[in-house]
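Please take these sequences and the hints and turn them into a complete structure.
2 protein chains.
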Amino acid sequence: MILHIEKEELIFGINTVQRAMAVKSTLPVLEGIYICADAKGLQLICTDLSLGIQTFLACDIEEEGKVVLPGRLFAEIVRKLPDGDVDITIDDNLNVTIQCMGSRTKMKGLDPETFPDLAEVSDASSFTIAQPVLKDMIRQTIFAVATDETRPILTGALLEIQQNNLTMVALDGYRLALRKEALSAPSEEKQIVIPGKSLSEIGKLLDDDGDDVHIMSQDTHVMVEIKNTRVIARLLDGEFIKYRQIMPTDHHTRVQVAARDLFDSIDRASLMAREGKNNLVRFQISENKLILTSNSEMGDVYEEIPIAMEGQDLEIAFNARYFTDVLKIMDDETINLDFTTNISPCVVNPVEGDKFSYLVLPVRIY
Amino acid sequence: MILHIEKEELIFGINTVQRAMAVKSTLPVLEGIYICADAKGLQLICTDLSLGIQTFLACDIEEEGKVVLPGRLFAEIVRKLPDGDVDITIDDNLNVTIQCMGSRTKMKGLDPETFPDLAEVSDASSFTIAQPVLKDMIRQTIFAVATDETRPILTGALLEIQQNNLTMVALDGYRLALRKEALSAPSEEKQIVIPGKSLSEIGKLLDDDGDDVHIMSQDTHVMVEIKNTRVIARLLDGEFIKYRQIMPTDHHTRVQVAARDLFDSIDRASLMAREGKNNLVRFQISENKLILTSNSEMGDVYEEIPIAMEGQDLEIAFNARYFTDVLKIMDDETINLDFTTNISPCVVNPVEGDKFSYLVLPVRIY
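Chain order of the listed sequences is A and B. Heads up: take any position in the first sequence, counting from 1, add 34, and you land on our numbering. Heads up: take any position in the second sequence, counting from 1, add 34, and you land on our numbering.
No false leads were slipped in.
Taking CB as the label site, the calculated pair distances span:
no.	chain 1	residue 1	chain 2	residue 2	range
1	A	K311	B	N127	23 to 29 Å
2	B	T368	A	D359	50 to 56 Å
3	A	N262	B	D388	52 to 58 Å
4	B	S84	A	R185	46 to 52 Å
5	A	E110	B	M135	46 to 52 Å
6	B	S84	A	K238	40 to 46 Å
7	B	R294	A	K311	50 to 56 Å
8	A	D365	B	T368	48 to 54 Å
9	B	D117	A	E386	25 to 31 Å
10	A	S59	B	D117	46 to 52 Å
Where chain A lies over chain B, by a calculated footprint (3+ residues, C-beta under 8 Å):
no.	segment
11	105 to 119
12	293 to 301
13	327 to 339
A partial selection of chain A residues facing chain B, derived with a Cβ cut-off under 10 Å:
no.	residue
14	R138
15	M332
16	V335
In case anyone wonders, no lab produced these hints; they're calculated from the structure. Just so you know, these numbers come straight off a predicted model, no measurement behind them. We put the beta carbon where it would ideally sit given N, CA and C, even for glycine.
This is the structure:
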């Protein structure tokens, strides 16, 4: 293989695929970057078997060939190269030379035949969505994905198409985040569960503008096509929680509050709550005031926020983090908090629209 | 105690003194911030017994008093307060209330009488220096302070006044960094050794502009006065290495090279050197070229840099980090490397001036 490529293009490609590279693996080849130059162009691939990323790069191929390079070292070397064109040559014994200006690095490649194939996903059932929209949907749900493995299905997010709406749902047993978007074109109904880690990496590959992405799925895998890049993620097996049955349909108390004020107050209260180990913040709702309190051996915090309220007074308590998490990702200035009783979930909604919804369980207080 | 203070002023004060706060101590009071409001104004103090910082803040004192507050929690609470004036009150039982807009925090203070006194340092022997100059002197030597404790005196930097020159020297047995400045006024000759950690914190308190600082020392302590802040550091006991005897006076090979090129090449070579564990980079100097090579099981790196040279050809090897460390802190575009033999130290100097000098030992190669 002999090829010439701009340093910046190569760095972009490495940064793209490296997200799927295994960090520590018993198979050294999974800690590598697969490089193949042939009639289709130059492609890089990384995979940790759960997630695979393939990208095509612009370059000048003088002689075809393929190899797997030790990923971390290759990436670091390329990032530190002088600015200019990079020449990469590989001989028949997989000896690789990377040359750029006065810098020349030689390293031993690994056998490309030992690199696992990525799963094939046909485009029989696909839909299209704008990059910033998908990025936003991921950002507003991923934080609620379960981090412990006791119920493996909850370590993923549900992606559901029903009646031309795309819904993403994540929940961990204590809170649930839901984000909905209308699709621009009719699409086959489906329910798939994408592992949180894979979804998070997909989110990082998406631009705030840029072309639409195509998403296609089969039984076991989903493929997301972003320009010259394909991300293939293994799906989680099993049935997701029937989330519609959990969502409360009614409320006895509605609070309208400035999201920023609420965040700042809970953030302060949680400093003291943290000292008390349980991270508990109490809400007292009455007379158009929300009073937040927390305490521990170290002392106590009292916070008063003006609100607009409808319905009954209420005293209820929450794990502070479940509130700060959601307030960080909501873009709305004013939000609604809907309560039923002090032992049933609170629903956090934007005042306008129904694209986002968040449900959080209270902590029982005596 | 009752006082009113601007949040930003209080945060500035906390940030200043917190650098001397003990992180984990058997004496809880050392993890605290001492606060005293009296006729002298409001002062904050932290000390870990080795380093002490005291600062005076502008505020409105309604009633005098003093207390020690749990430092980390107090600092976090103040940083997160709403923008505005902060009211702090302390009752006779050391119950502290911090109030700002709708936020009110209560906590229990510690007995201020248990807080250790800072050492007194008289201004009998003092000198004055501009903040940016002292900041620069610290930055250009501190990295060479020894990090292991086998020779405790080397964990500090020497500060020497001789013939109206202030010299700062740090060395760790493998390399030595020296920075010199002429003092604007005659000052008593002295040699003190300031612990690296204390010197580093002093460096962080200095501005790139701003008033001159006053430095005074006695047998056991040095005091640095920066505006309203006093830093008092315990000195290291013992005699520093006679560094003048180490500095080579002659050279057989002189290399003039662009600092940025040399840094980039060593940086790349060190990626491979790192894989080889010993971090070794070989220098080959001949024909107005500097060739750098490194190798490991993973492969090898070859770097070629144009230089101007005088004297003999040379092959010599170094620990890559000892070169990248110094190249990071030199501001000169072009530097001189002076060599004698491949088993004697290399001296790195700016082409212009003699304010800075760096000596590094080679690694023997066979």
